[in-house]
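Protein chains: 4
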Amino acid sequence: MIGISVIGYGYWGPNLVRNFWEAPGARLVSVCDMRPERLSGVQARYPAVEITASYDEVLKDTRVDAVAIATPVSSHFDLALRALQAGKHVFIEKPMTATAEQAMRLLDEAERRHLIIGVDHTFVYTGAVRKMRELIEGDGIGDIYYYDSVRVNLGLFQHDVNVLWDLAVHDLSIMDYVLPVQPLAVSATGVGHVAGEPENIAYLNLFFANNLIAHIHANWLAPVKIRRTLVSGSKKMIVYDDLEPSEKIKIYDKGITLNGDSRSGDTRYQMLVGYRAGDMWAPHLDMTEALSLELRQFVQCVESHTAPLSDGNAGLRVVRILEAATRSLAERGRVVELGEVRRAA
Amino acid sequence: MIGISVIGYGYWGPNLVRNFWEAPGARLVSVCDMRPERLSGVQARYPAVEITASYDEVLKDTRVDAVAIATPVSSHFDLALRALQAGKHVFIEKPMTATAEQAMRLLDEAERRHLIIGVDHTFVYTGAVRKMRELIEGDGIGDIYYYDSVRVNLGLFQHDVNVLWDLAVHDLSIMDYVLPVQPLAVSATGVGHVAGEPENIAYLNLFFANNLIAHIHANWLAPVKIRRTLVSGSKKMIVYDDLEPSEKIKIYDKGITLNGDSRSGDTRYQMLVGYRAGDMWAPHLDMTEALSLELRQFVQCVESHTAPLSDGNAGLRVVRILEAATRSLAERGRVVELGEVRRAA
Amino acid sequence: MIGISVIGYGYWGPNLVRNFWEAPGARLVSVCDMRPERLSGVQARYPAVEITASYDEVLKDTRVDAVAIATPVSSHFDLALRALQAGKHVFIEKPMTATAEQAMRLLDEAERRHLIIGVDHTFVYTGAVRKMRELIEGDGIGDIYYYDSVRVNLGLFQHDVNVLWDLAVHDLSIMDYVLPVQPLAVSATGVGHVAGEPENIAYLNLFFANNLIAHIHANWLAPVKIRRTLVSGSKKMIVYDDLEPSEKIKIYDKGITLNGDSRSGDTRYQMLVGYRAGDMWAPHLDMTEALSLELRQFVQCVESHTAPLSDGNAGLRVVRILEAATRSLAERGRVVELGEVRRAA
Amino acid sequence: MIGISVIGYGYWGPNLVRNFWEAPGARLVSVCDMRPERLSGVQARYPAVEITASYDEVLKDTRVDAVAIATPVSSHFDLALRALQAGKHVFIEKPMTATAEQAMRLLDEAERRHLIIGVDHTFVYTGAVRKMRELIEGDGIGDIYYYDSVRVNLGLFQHDVNVLWDLAVHDLSIMDYVLPVQPLAVSATGVGHVAGEPENIAYLNLFFANNLIAHIHANWLAPVKIRRTLVSGSKKMIVYDDLEPSEKIKIYDKGITLNGDSRSGDTRYQMLVGYRAGDMWAPHLDMTEALSLELRQFVQCVESHTAPLSDGNAGLRVVRILEAATRSLAERGRVVELGEVRRAA
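Residue numbers (the working numbering), protein chains in the order written: chain A, 1 to 345; chain B, 1001 to 1345; chain C, 2001 to 2345; chain D, 3001 to 3345.
Treat the hints as calculated values from the structure; they're not laboratory data. Backbone N, C-alpha and C define an ideal beta-carbon position, used for all residues, glycine too. Accuracy of the hints is not assured; some may be wrong.
One side only, chain D facing chain B, incomplete, derived with CB under 7 angstroms [claimed, not checked]: (1) Ser3054; (2) Val3194; (3) Glu3247; (4) Gly3274; (5) Ala3277; (6) Trp3281; (7) Ala3282.
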């Protein structure tokens, strides 16, 4: 049995508690939060689980093999580093850290101590995203042309990070999982509409080799909730709408076909390209709760000492992009090479 | 009666012919196209209308007061200039010209000769867009925070202009009409997926004073057709979906409210901002065909010698942005001040 | 060449004229209407086509091989009978006649004279309905469990026939084409909300052998337009939404599976049936204009002396159901056996 | 404090437990179920709540003021009667009883003993349904023309009651609350597609005075989930779509206007009625969990000895309709006057 302590019982912590409670192979030892009123809720629901306001106590507790950190981003690095130094495996809510530098130091520490880092890229464990990866990997989509995502809604302005760290992080973790290549550079533009606060609307471009482009629109100030991703390839096109109750993934047998040179003649309406429109298909998806799968897998990884699907390296790759994007935001969309971030680190 | 000749009978020309044919105060004198097989279609449907392959003939025809140009963009300037020089009023399909310089020369020519230029910004005449302008002008929306538009579908790759000149031009003409201010600078990124062809997917940022930002996603390679615009303001938010059969405009009484400083306490989930969620309202819209309204108005403007809603100046403003955006595209999103274009011109 | 005369140039007549004009093998000889102001529209658009207010003249015209009748239902029988007696083939707008008796007399007359009757069941020629038939015929759907259709919108109250004759007629013609069996009895309920006028909302049940049931909700007084049909079978289920721009037909690999007897134990939540949820699939549909296909086919049938897909027998079967339904409506849903209608006739 | 015992911990019981646990003024004393494996779940989550398999024990427990019955319908009457006889107030899951006769006997018993009966018509407590009632009561809708509801999905075939008792019961409870009048008669048709099992698809007509008609399509065998109700009146029309995340109620300022007699002239396309199309409006709705409101209100009603919104009389009215509908189903849609049921009872 892997002993677990959940650190932080705010918005997401209760989900970790509920799922670790039910994960085979895991034993939920304790929940730690500095706010006593939060902890009383734990006690009422899970009387067998200890509650504590002392992180030191958790780190000293020999029954605890791994900590799951669900606190604000700014505290991730410090809490995770101390856990690793105390010999605990670490599961960290997304985004992994506030800087790529911090993520790299955690990776070094974990490697030295042979400890596992899991990063909570929950979407990677959904049936929809796993299906997308399967399609792309199996070459059902062909060469990827672009990845475009709109993730907007009204609400939950955060004031320590801009909207990319809150919303685009999901798309970045999905892209990290489903795309066969990594971006080379990014640019981002955005605006904060509340004085003194970070950007609440942002547009992020990711540049890849081979004419692949990606774009994310992240927005806390939209009247409607939209979660829609288009992934177009040379063979098929995917629409992934996470708000659809069941048909979240639709695959369109549509595209263009090159007709050789046809520039002679009518220069306007003559087409160099032809259009192909075939069937649409919505595969049945596994609807298991993603977090449940993810935490079970983390427990197994700790047991078997293997890396989770969303490990610390995935966490680092995503943070590196967010950091570069934030730098670009401040310079009205200057292209920031991802090499720059690495070097800076 | 205003005598009209329609120049170019390709994709859009038949719509001009049909609507000028029915416009009160207009007399459709002739249709001119270099392709005889196109003209035979005119003859069958409108036996009273003359057909010709000679533009010179049209320009010499004293019954013709105005020409309506529906040819490829690259020919707009030359055809329009010759028409103005022949003393004809001019109606030009969007975009007005291939460069801002050309548009300015047409404006000069028209001014000198006291002739009218109308530019076919059709959307400006739809019930939906007119309603948006009315709402914004009447201060129903408050300070505008952002304007975001997605205009994507599969098809009609053009090979003389990139996708912005074909699709974003609509959004630019709408913004020109409904927003109270003009952009100061633009940046654009995009990719062409067919070798040697212009960009078929592009993202355009427009920067304004006062934290207003605009963004357009234009795409010829999408599996689904989307025409959706979000306009958020400090009082209300608009969703304009042009594919909705009747409720194209929805106004949400939603937004944020500032709560003073609340940073003390829980730094993560404490909100500086509150959320307001009220009713949604979809006003009944005038569903008159926009092109019909536009052409009737153009005829009246020629008669009364007044400027149409979408005159040559509107045409120029839009072309200026497209030109700057194209320059930015070539430099992976470098911010191009719109002053640069003016100076260059 | 088959010479055609279109009779009645009201709401639907112009569509017949346009499509016969373009149909290979057809020659549109004349258009007949008693309203001169309607005919002037024909003359402007189709100067080569003769116009006349005299039906007698049409019937005497030896260039006319077939008449296409697009007048109010109450006049169908008389006009069609006179045409047949004059030796003309007949194409009749749906519903074929006002009574089954009339339809049978037309069929007799046509048979005796070796003339063709086509009935304008336009939906039968759409890509969507043809695909449904193909699926059902190919046993892709299994045993049909039910056919349920909602066809509602605001508008066009008619005062000579109730809403079933105007809207449900479409569903009846579709069912006649796609279902392998004919209904045995019907019942209908409905209400007229305008005093002295026929029912503007009606619900029609159709009873078949083998536990197949069908139901149609037809309504002129609905705030939204709905055109949705569910067809469930033992293997697959179809949703046909005619308002979808392209994915009009969706096939769900869903259904129930029988688990043997499981009544023991918890009587409430124990299930006798299991549920199967698989992929959804939207086949690409032929988007050719249905009326164009239908009229081309009618012309070919006249030429080759074969029966069209929607011939007079199909017309009779649909009218027979409408007549029985109207009788049931008047008796608050009494079940009317379709044999009764036949006998009455 | 009102002491509560929840009877039955199957599908719905956990929701009652959770909400009574949190209801002010209530004390959840015990949960009773005959299945020990269900009760262990209660103990883990609510260690302070007693569990028991003995209903007698519950009835003897003086700390229990009211029982909440969430068992199969067939057991409602017996359990409720015994509770009333033991002096307990009763809250019963819908439908209240298996026959109107049973409901009347419970009402008599409660009246004699001055006890409260609440029936779990949950929808009556939703923001959407309360808004509909407010609109109808405030005469915003005008004279009601019809009420049409589609409530279909795949699943949960029950084998003790037909689909009307499971799904249409919701619509009947909503109609009972929002409509100003009661139905006079019903008819229903339907089919069971599993041999020996009750109807899994049914269509229910309700006849009222004054040309008001209602219709419900209830279906366990549909490929898609639909929950849509149309309520049309002489002034406005409502679309209530319970699957919409926030805009569940849309009010259309649409309708018909009578134009006096216009039958002269063109008999076909001349309209006796005109059409009015105005704005659509989606009021902001209270999104409080309906069951929470309902249980709090039940506790208050017990305390203050007043009747809940959905009391035993409402429960009886709904059961009376279900019983009549089931009788009609067996006779292929014979109209059953609701007086018949009363008399039979």
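Results for each hint:
1. Nearest Cβ of chain B to the Cβ of serine 3054/D: about 45 angstroms, over the 7 angstroms cut. The hint is violated.
2. The beta carbon of valine 3194/D comes no nearer than 38 angstroms to any beta carbon in chain B, farther than 7 angstroms, and the hint placing it at the interface is violated.
3. The restraint placing glutamate 3247/D at the interface with chain B holds, with a minimum CB-CB distance near 6 angstroms, inside the 7 angstroms limit.
4. Interface restraint check for glycine 3274/D: the shortest CB-CB distance to chain B comes to about 15 angstroms, outside 7 angstroms, so the restraint is violated.
5. Given the 7 angstroms rule on beta carbons, the hint for alanine 3277/D holds: about 6 angstroms separates it from the nearest Cβ of chain B.
6. With its C-beta approaching chain B no nearer than about 5 angstroms, tryptophan 3281/D sits inside the 7 angstroms limit, and its interface hint holds.
7. Look at alanine 3282/D: its Cβ gets to within about 4 angstroms of chain B, closer than 7 angstroms, so that hint holds up.
In the structure shown, a violation is registered for the earlier hints numbered 1, 2 and 4, in ascending order.
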